[in-house]
Amino acid sequence: MKKRGQTLFFDKPPRVQGAATVVGPKEGLGPFGLDFDKVHQDVRAGENSFERGERRMFLEAAQLAMQKAGVTDREVDFLLAGDLLNQIISSGFVARELNIPYFGLYGACSTFGETVALGAALVDAGFACTVLGITGSHNCGAERQYRYPTEYGVQRPATAQWTATGAGAVVVGLEGDILVRAATIGKVHDLGIKDPFNMGTAMAPAAADTIYQHFRDTGLELKQVDLIATGDLGMVGREANLALLERQGLDIGDRYLDCGVMLYYSHQQVEAGASGCACSAVVTIAHLFKRLREGDLRRILVVPTGALHSPTSYLQGDSIPCIAQAILFEAAKGGETKWAHI
Amino acid sequence: MTRHAELEKKQAEGKIGEYKSIYGPKQPKPPLAKNLFYAFVVGGLICVLGQFIKNIFIGLGFAPEQAGNPTVATVIFLASLATGLGVFDNLARVAGAGTAVPVTGFANAITAAAMEFRREGLVLGVGGKMFSLAGSVIVFGVVSAFIVGLLSAL
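Note that the protein sequences, when read in sequence, are chains A and B. Note that the first sequence covers residues 186 to 527 in this note's numbering. Note that the second sequence covers residues 97 to 250 in this note's numbering.
Don't read these hints as lab results, they were simulated from the structure. There could be a bad hint or two in this list.
[As the list claims (entries may be wrong)] Simulated pairs of lysine-lysine, DSS-like, Cα-Cα distance not exceeding 27 Å:
1) A:Lys187 - A:Lys223
2) B:Lys105 - A:Lys372
3) A:Lys408 - A:Lys518
4) A:Lys197 - A:Lys187
5) A:Lys475 - A:Lys253
6) B:Lys225 - A:Lys372
7) A:Lys379 - A:Lys197
8) A:Lys188 - A:Lys379
9) A:Lys475 - A:Lys518
10) A:Lys379 - B:Lys116
11) B:Lys116 - A:Lys372
12) B:Lys125 - B:Lys111
13) A:Lys188 - A:Lys372
14) B:Lys105 - A:Lys379
15) A:Lys223 - A:Lys253
16) B:Lys105 - B:Lys122
17) B:Lys125 - A:Lys379
18) A:Lys518 - A:Lys188
19) B:Lys122 - B:Lys111
20) A:Lys372 - A:Lys197
21) B:Lys116 - B:Lys105
22) A:Lys372 - B:Lys122
23) A:Lys197 - A:Lys518
24) A:Lys518 - A:Lys253
25) A:Lys187 - A:Lys372
26) B:Lys122 - A:Lys379
27) B:Lys225 - A:Lys379
28) A:Lys197 - A:Lys475
29) A:Lys408 - A:Lys372
30) A:Lys379 - B:Lys111
[Unchecked claim] Just so you have them, the derived chain B footprint on chain A, three or more residues with Cβ under 8 Å:
31) 386-393
32) 400-407
33) 425-435
The beta-carbon is built from N, C-alpha and C at its ideal position, and this holds for glycine as well.
Whenever a hint applies, use it, and build me the whole structure from the sequences.
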């Protein structure tokens, strides 16, 4: 347990003991349809409102993750959760169902990174043996809160992104085959983008800075990390992020993916790609963790990105403050990185 | 403004300009020709449909100058029905202004908001939120009608 710069180094290290994803129908039709633990065919997940559907997905993801981790809610020390709805109600309501001491977090779409970073820190510091992190989002819930009623007919610009429907839960504990090695906590950046339909461009500077800081703090070389995956920059933000990092001397192009670009097929009409808390969570858990387990990847840097605006701040003409958190995951069988130099 | 804040502001503006030069060329351009084409075709077809309905009302015995009102009501009904069936937003995604400019856009804005907030109850949900999008159309419609009315009276 050490810190250098903005990065926390875990030496216990905490592990992903169990993780699960529950998604909506559109995500189920995407490239990772078969990798998700549960795909709902109903956007409301059998409930009578989008918000309740989101809660149900949260609860199901949590229960599946705990089942995979071999723990019950009484054995989990802390629950860390966050979502996009006002007053993070999905998290609060799910905490009501689970019998676990609860921290509510808000990092917009970067919440997945925040839950894993804090969960790993709690475990590494010895305050907890198992921590449950849940995050997710709902397309229709987010649409009606941030944008327009779901059935309102409007033409979306090419830079717009589609808030993903789903939930991802991770149990961070002391057993498991994926290690959480380090976490870089991002600073909030705002380079003046005001258009909420162009969040990829708004978030790219935050992502680029966190990635740069991560490599600076850890001293890792680019070739030591098999894959860098940003959360939800989309097609547009992805390009800006690449250009910004290139100016800093980091050419990550050959090992860079964006979860927002990966979650849907291009024919699914999502313009620049996916967004939302669910995006980085479900892609990381369902797809990237699978590749780590299969040995295809040994070490990955997941960088969930978040736009910290609200409909009020947007209407009042404010630009969008953005954040990115970077989490370094490692396959246990690949041999642990030694943080000897720290 | 303090000197420090001023300096910071200038620095930030430099950074903002620099960033603009990075992301600017990479921004996707809106498919203007395609959007214009679909808006023209779909908007035109809606007007053809309106004319067709109007002719039916004239055939039913309405005077040509009075057939407009039932025609508008019918088109509003059809747009609301399409919204309720969940097809309007898919059409509008392609048609853009083609569906937004005729009365169909107004009908959709009201129906979509009313449907969306049904879960929040009839009074504060449907009643209160129904005009959340279309309210400004009504307000500025009435205001401009009043001004035009005043001008024409002079």
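Of the numbered hints stated previously, which ones are contradicted by the structure, given in increasing order? Hints 1, 6, 7, 8 and 32 contradicted; others consistent.
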